[in-house]
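In the order they appear, the protein sequences are chains A and B. Residue 1 is where the first sequence starts when you use the working numbering, and the numbers rise one by one after that. Residue 1 is where the second sequence starts when you use the working numbering, and the numbers rise one by one after that.
Simulated from the structure, these hints should not be mistaken for laboratory data. Check before you lean on any hint, since a few could be wrong.
Stretch-level coverage of chain A by chain B, calculated; a stretch enters the list once three of its residues show a Cβ under 8 angstroms from a Cβ in chain B [said to hold, decoys possible]: (1) 98 to 109; (2) 164 to 177; (3) 182 to 188; (4) 194 to 206.
Every residue, glycine too, gets a C-beta built ideally from N, C-alpha and C.
What follows is each chain in one-letter form.
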Amino acid sequence: MKDGKRLRRWSLLASAFLGLAILVGGVQWLNSADHTDNPGSSEANLDILDFYAFSTSGGDNLALVITVSGFLASGEQTNNAAFNPNALYQFKFSDARDGVPDAVMQVHFTGSGTSQTVNVRALSAPSVTTATGQVFEGTVIASGAFNTTFTGGGVTAFAGPRDDPFFLDLTGDMSLTSVLNAVFGAALGTTIGSPTEQTLAFSNPGTDSLAGLNALAIVVEVPKADIAEALGVASDATIYAWATTDEETS
Amino acid sequence: MRKEKNMRRFSKFTILLAAVFLLQGCEDDAATTFSQVDRQGVPAVNTVFHHPQSVSTTDLFDKTAYNLALPADDVATYLSLFTTVLTATGNADPAGTAAAVFLPDVMPINLGSTTSNFATLDGRKLEDDATDVALTVAVGAAALQSDNVDANDKAFLSTFPYLAAPH
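For reference, chain A alone in the conformation it holds in the complex (with noise of 0.2 angstroms):
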């Protein structure tokens, strides 16, 4: 009898170990399964909208700012209002214009939703430079929650929801798109794109189709010696840089 209830408790301790191991790995394993049927860039978090590279300091830093999740309305909070667990969002530099990263510093989230941790790490030389098969690389020198600004290892970052900074007449009739449809389809000697969006002229006054809407963004801000030093340039090099999102494949 004394047995029976010792063996009960165990099993009820080795049922609770596996509701934890379940959640802990489980989670992982779905998360996984509806990537397989995207390849490429279908998730909203990892299509990138915009990349922007800009002096701030008096020119002693480098703002890097990369925005994806697009046309969030205002209060928006769906699965996509938060980043990627499985995946690097990565900035590239390189000391020629070869399109080879000579250095690269990543940033990557913990969790889910709005409680998801942001992890940046060091500018390092990349060990692997082709598309598949990429690792994390450097160590990770700064973290904070999400939608705070947190510093450490001479950066400062930020993830979060802000107004996409983006500005376009993009979508409808005498559009970016529809212009362009026009010159390209004039161009090629085709069709390109729907019968409404076929214009050769922007409307004046245009509309701004991102106003009112809010993009997640990352922006890490670098001391210009950290990223001069990683290349091995001079302080006012031309360097070349561009942004990447990774998704995990194991």
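Take the given structure of chain A and dock chain B to it, following the hints.
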């Protein structure tokens, strides 16, 4: 007795299952690998070449393939296509423009500058009218070089994080 045996068996199985799930959950950093799904260097490529609404047979090019590609391969893969398109749209120096502005799709940044400006191919700041700059580069007709939206709907901040608060 039989009940106890069954229970013991159940416990063993449960623990084994738990261990498998935990192993799955606690992935080793070093073992995790990632594949590129999107990329951007200069906004011009995105603004000009990605925006015509493609229909099945008239894609300018495969956007997904472009997003998955490395900038290191851009010139080999896309220079001739971009040159053809820019020739057709009336650019004065199609091959030169394609190579100087669009390909490889990387953003030049002069570390010695105190300011940034996409129009001079030196970084890109929030205020830059990337659409107009891209149209000016890509489209010959002067009347088609501005979408007449010249500024953001909210003022940018002078301090970090620079982007305006959400709506």
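Each hint tested on the structure:
no.: 1; hint: 98 to 109; verdict: holds (count 3)
no.: 2; hint: 164 to 177; verdict: holds (count 9)
no.: 3; hint: 182 to 188; verdict: holds (count 5)
no.: 4; hint: 194 to 206; verdict: holds (count 9)
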